[in-house]
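Asker: Residues per chain are reported as follows:
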Amino acid sequence: MRLFEYTALQIKEKIISGEILPVDLVKQFIEHIKIIDPHVQAYLNLHEEDALQKAAQIQKRIENAEKVGYLAGVPIAIKDNICTKGLTTTCASKILRNFIPPYDACVVKRLKEEDAIILGKTNLDEFAMGSSTENSGYKITRNPWNLEYVPGGSSGGSAAAVAANLSIMALGSDTGGSVRQPAALCGVVGVKPTYGRVSRFGLIAFGSSLDQIGTFTRDVKDAAVLLQVIAGHDIHDSTSMPVPVPDYLREIDSGVRGLRIGIPKEYFAAGLNEDVHNALKDALRKYEQLGAKVVDISLPHTEYAVAVYYIVANAEASSNLARYDGVRYGYRTSKSNGIVDMYCRTRSEGFGNEVKRRIMLGNYALSSGYYDAYYLKASRVRNLIKGDFDVAFQKVDCIVCPTSPVPGFKIGERAKNPLEMYLSDIYTIPANLAGIPGISLPCGFSKEGLPIGMQILGRHFEEEKLLQIAYAFERETDFHRKKPVLKFSPTQKE
Amino acid sequence: MEYEVVVGLETHAELATVSKLFCGCSTKFGSEPNTQVCPVCLGMPGVLPVMNKKAFEYALKAAIALNCKIREYTNFDRKSYYYPDLPKNYQISQNYHNLGVDGSMDICVHDRVNRIRIHNVHLEEEAGKLIHPEEAGADYSLVDFNRAGVPLLEIVSYPDMRNVDEVESYMQTLRKILLYTEVSDCKMQEGSLRFEASISLRKKGSEKLGNRVEIKNLNSMKSVLKAIEYETKRQADSLDRGETIDRETRLWDEVNEKSARMRSKEEAQDYRYFPEPDLLPVVIDAKWLDEVKVTIPELPLARKQRFMEVFKLSDYDTSLLIEEKILADFFEGCIKIVDRPKAFCNWITNDLLREVNDRKLDIHHLPIRPKQLAALVEIIEKGTISSTIAKEVFSEMIQTGKDPQAIIEEKKLAQISDEGFIEAVIVKVISGNPAVIEDYKKGKKNALTFLVGQVMKETKGKANPKMVNELVQKKIDA
Amino acid sequence: MKIGKKDIEYIAHLSRIELSETEKETFVSQLSDIISYIEKLNRLNTESVKPMSCAINATNVFREDILTSSLSLEEAQLNAPAANGVFFKVPKVIE
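Chains as they are written, first to last, in full-length UniProt numbering: chain W, 1 to 494; chain S, 1 to 478; chain H, 1 to 95.
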């Protein structure tokens, strides 16, 4: 087994025991990335020197039997909308091309404290706006399972990196499905925690009331390990909650016997791809075999979720992105006539079309005379959607449904029609609106050989239960063990 | 045509916290530009605001002091507009659920109390400072973000004022309330207290409000009053010419004492307010409200009325006393020790204020304590020193901070009330002035005053004047 | 609600985004599609529903009024497109 194929949990032990040297591990990763990534395009920036330096440091501390962190020597990739002190953070936007944050995001700080090794920053749809990673201002990331397909988005770079063994784990962000959907499309495990579980400080805001940092890992236990490090209260984020973080691994194998799993009929309606539907049916049978009770439920306002989302997320985005004005940081147009002209040129030149579209949509929904009809209306319907979940969770312990209505789509296939693209997130958006946690894990493959994701949704702050339910399935299946065979795969060396 | 002017004021007061509203940067005035900034107040990507509790409580305190209804549930909104001194290009403010609403403030004009209604009181963040270089032809402006994020209280009145006297009284009273509650230092020269006026005219007797004009860039109370006078005349002239008044925003030009159009109603800003998702709502329960309420001192107007009633002081005297909370507190401190309101009032409003002015003292750091002034008054009452000597002692007290007794002993200023000693001096004076005695006997009564003066001179002013008077009379009548 | 060119121009100005004539046309049609999709919300009667602007039920989060360190001037200006001494420099602002 090559070093970069291990899970974090495995590699952690081997590093501590001295069986694997962090420097060797990082070197292998970098070598592998240099061969593979020109084809996948998962990374925007590789931090080769920093990573090697940090690995050497950790190695020394282990040799000297000094204390090391929980993730000592474990390589991780970070979505490039999460700030890293002293290292460019671009949000895949031209407007932040050379932006160097003088601060670490809370999650980055915690990863560093636990001695994880940051390999680099991954590609995304500009400002996390998109479901395919085609909207990046720099490059298009490809799905390692089939390079003609999108990896999903917006955290497509992070998902592809983990799927193609370009990192052991990765961080992404999920505003309407941006962790779960690419996790599904790339065949990895993706967790979107409860809103307020993980600090947003240092996560470049898109839709502030929806954004949540999430994890990409090769299996459920690694998700537990990574979440363990990043979860918990942070005084710099008013919306991060002081709810105790349980030991996510301790009871991860407690099984699903006696649990009630809700199946929302609205998620299995017309428009659901047949392969996806079948994979889900099989998964539910598996859960029944494992002793869970599958219950039909209804989330009646599901059909309104996308509409609500595109108002709320974009209204918030329109104001969150107002700060990119060429005054204090970021890109400024080279020539302008007065301040207003400078603003307009800078923003027109710096933002891509999807970002412009969403800023305009958001401003429209908030503008004088339209606030009540759009923003306020959407906020009310949002409450109805949350209410659906509240009712459902009185009857069931979790909800199982597809992550994405289709196993994937080709690059360019949906780029022309924004609305069609928006509908890719139909199954993931409701969790963001309600603030509840969700996990996507591999549960099958389509006829074309693309991975299919199953989504499990739970009550606020019940990530532990979600991980248990996901692990119960993963333990009995080996979808997560299957790896994409890259057409350009170099000759394997053991 | 006769018009009535209708004025409403918007007041901004920077709150007296140590750190900014949403980050831990200093609020200190006058530091080197862009040295009191951090990622949060520079609006860098990914940063989040966390509310300063003291700032919120100060705002709450002011809202209570202005008799507002305090909402149990309040939250913050984003107000969007582009301006280079506004780092995020939105200001965190309040719009849909203001902290305090429907308040009022009593003002006193020409002995009449007038109630001005307060529309709302809310908390928001301050913007940075834009500097326009003075060099000719400069095609740039400069920005200093030190002030960006300082907590700012906005107080919006109803258009309830009808003349400049009322406006002046409103500004003065509001300033005093903010100072009394200690929520702001109200230094207009540093911009920590600012006013914007909205002015409209209507025909005398008419109920209907005219189109209102907002005036910005008013840097002192004086300019507020001048701008209102100017604007009243400008609008009246326009109306007389048969023109209509546009709803617009105008900028006051301090130097030329004129206002000029800044933007018209058509260009009015579309602020796109919506709830700030990065902050959670604030719920103010009864317990918290009570805790804040007890920190509010008696407010100036109430205190003035009480001083007049309880201590029988004049309107003028009490006005002087309550002008500064520290003076009124000082006065009450004295009264608690010796019940001589008139005496203390005189000492404070005459002597103390004169010393403060002459010596350019900071009124908030007086070198004298109420206990010391009370001691001085007691000493005068006991007759230990005369009132003339007392002034000298007082001046010495201010200068050295010493107790009056110590000064009197040190300088041997105690009044002489020894009858034998005084008689001896009188005998000496009488024998030295036979001509004066003759005059007195001929009926020249002011000869007596001369003799008393001579005795006082002989004793360096320390003889008890009352005793001297009596004894001289007795002696020459004998 | 139909979005016209005037609306797009107004929103573009609010957004401080400059659009070419072709871009305006594209946006008119794309935003119109999205808006008409969004109008499905009008099918719901929400009169008695409270608006929800936060995904968690919590209130009253504060920090104490304590100083923390600021950036140095150098750090503050590190990313600035233009500076002039201690200031950030911008094109002339006319009030």
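Keep in mind the hints are simulated off the structure, nothing from the lab.
The model shown is predicted, which means the values in this text are computed figures rather than measured ones.
Any given hint might turn out to be false.
[Unchecked claim] Derived coverage of chain S by chain W (criterion: at least 3 residues anywhere in the stretch with Cβ under 8 Å from a Cβ of chain W; other residues may be distant):
| hint | segment |
| --- | --- |
| 1 | 47-57 |
| 2 | 276-282 |
[Stated by the list, open to error] Which residues of chain W face chain S? A few of them, derived with a C-beta cut under 7 Å, are:
| hint | residue |
| --- | --- |
| 3 | 237 |
| 4 | 315 |
| 5 | 323 |
[Unchecked claim] Restricting the straight-line Cα-Cα distance to at most 27 Å, the calculated cross-link-like pairs of lysine-lysine (DSSO-like) are:
| hint | chain 1 | residue 1 | chain 2 | residue 2 |
| --- | --- | --- | --- | --- |
| 6 | S | 342 | S | 312 |
| 7 | S | 176 | S | 382 |
| 8 | S | 462 | S | 442 |
| 9 | W | 94 | H | 40 |
| 10 | H | 89 | S | 129 |
| 11 | S | 222 | S | 187 |
| 12 | W | 335 | H | 24 |
| 13 | W | 416 | W | 386 |
| 14 | S | 412 | S | 445 |
| 15 | H | 89 | S | 28 |
| 16 | W | 94 | H | 50 |
| 17 | S | 460 | S | 444 |
| 18 | W | 386 | H | 50 |
| 19 | H | 24 | W | 94 |
| 20 | S | 176 | S | 204 |
| 21 | H | 50 | S | 216 |
| 22 | H | 40 | W | 386 |
| 23 | W | 335 | H | 89 |
| 24 | H | 40 | S | 265 |
| 25 | W | 85 | H | 89 |
| 26 | W | 109 | W | 67 |
| 27 | S | 69 | H | 50 |
| 28 | H | 89 | S | 265 |
| 29 | H | 2 | W | 416 |
| 30 | S | 129 | H | 92 |
| 31 | W | 286 | W | 465 |
| 32 | S | 265 | H | 50 |
| 33 | S | 265 | S | 233 |
| 34 | S | 444 | S | 412 |
| 35 | S | 216 | S | 226 |
| 36 | H | 92 | S | 258 |
| 37 | H | 5 | W | 265 |
| 38 | S | 462 | S | 382 |
| 39 | S | 216 | H | 89 |
| 40 | H | 24 | W | 416 |
Yeah, the Cβ is synthetic: ideal placement off N, Cα and C, and Gly gets one too.
Asker: Now tell me if each hint is right for this structure.
Answerer: Against the structure, the hints come out as follows:
1. 47-57: holds (count 5)
2. 276-282: holds (count 4)
3. 237: At 5 Å from the nearest chain S Cβ, residue 237 (chain W) passes the 7 Å test, so the hint holds.
4. 315: With a minimum Cβ separation of about 6 Å from chain S (threshold 7 Å), the hint on residue 315 (chain W) holds.
5. 323: Hint on residue 323 (chain W): holds, closest Cβ of chain S at ~5 Å, below 7 Å.
6. S:342 x S:312: Holds, because 8 Å separates the two Cα atoms, which is no more than 27 Å.
7. S:176 x S:382: violated, 38 Å
8. S:462 x S:442: violated, 30 Å
9. W:94 x H:40: violated, 35 Å
10. H:89 x S:129: Holds: residue 89 (chain H) and residue 129 (chain S) sit about 12 Å apart, inside 27 Å.
11. S:222 x S:187: holds, 14 Å
12. W:335 x H:24: Holds, because 23 Å separates the two Cα atoms, which is no more than 27 Å.
13. W:416 x W:386: Not OK: residue 416 (chain W) and residue 386 (chain W) at ~32 Å, beyond 27 Å, violated.
14. S:412 x S:445: Violated, at about 33 Å.
15. H:89 x S:28: Holds: residue 89 (chain H) and residue 28 (chain S) sit about 23 Å apart, inside 27 Å.
16. W:94 x H:50: Roughly 39 Å separates the two Cα atoms, so the pair is violated.
17. S:460 x S:444: holds, 26 Å
18. W:386 x H:50: Distance ~12 Å between residue 386 (chain W) and residue 50 (chain H) Cα, so the pair holds.
19. H:24 x W:94: Holds: residue 24 (chain H) and residue 94 (chain W) sit about 22 Å apart, inside 27 Å.
20. S:176 x S:204: violated, 32 Å
21. H:50 x S:216: This hinted pair is violated, its Cα atoms lying about 38 Å apart.
22. H:40 x W:386: Distance ~18 Å between residue 40 (chain H) and residue 386 (chain W) Cα, so the pair holds.
23. W:335 x H:89: At roughly 14 Å apart (the allowed maximum being 27 Å), residue 89 (chain H) and residue 335 (chain W) satisfy the hint.
24. H:40 x S:265: violated, 34 Å
25. W:85 x H:89: holds, 24 Å
26. W:109 x W:67: It holds: about 18 Å lies between the C-alpha atoms, which stays within 27 Å.
27. S:69 x H:50: holds, 22 Å
28. H:89 x S:265: violated, 30 Å
29. H:2 x W:416: holds, 21 Å
30. S:129 x H:92: holds, 14 Å
31. W:286 x W:465: This hinted pair holds, its Cα atoms lying about 18 Å apart.
32. S:265 x H:50: Outside the cut-off at roughly 33 Å; violated.
33. S:265 x S:233: holds, 21 Å
34. S:444 x S:412: violated, 35 Å
35. S:216 x S:226: Holds, because 13 Å separates the two Cα atoms, which is no more than 27 Å.
36. H:92 x S:258: Satisfied, since the Cα-Cα distance of roughly 23 Å is no more than 27 Å.
37. H:5 x W:265: Judged against 27 Å, a Cα distance of about 41 Å means the pair is violated.
38. S:462 x S:382: holds, 14 Å
39. S:216 x H:89: Holds - the C-alpha atoms of residue 89 (chain H) and residue 216 (chain S) are around 24 Å apart, at most 27 Å.
40. H:24 x W:416: holds, 16 Å
In this structure, the hints that do not hold are numbers 7, 8, 9, 13, 14, 16, 20, 21, 24, 28, 32, 34 and 37, in rising order.
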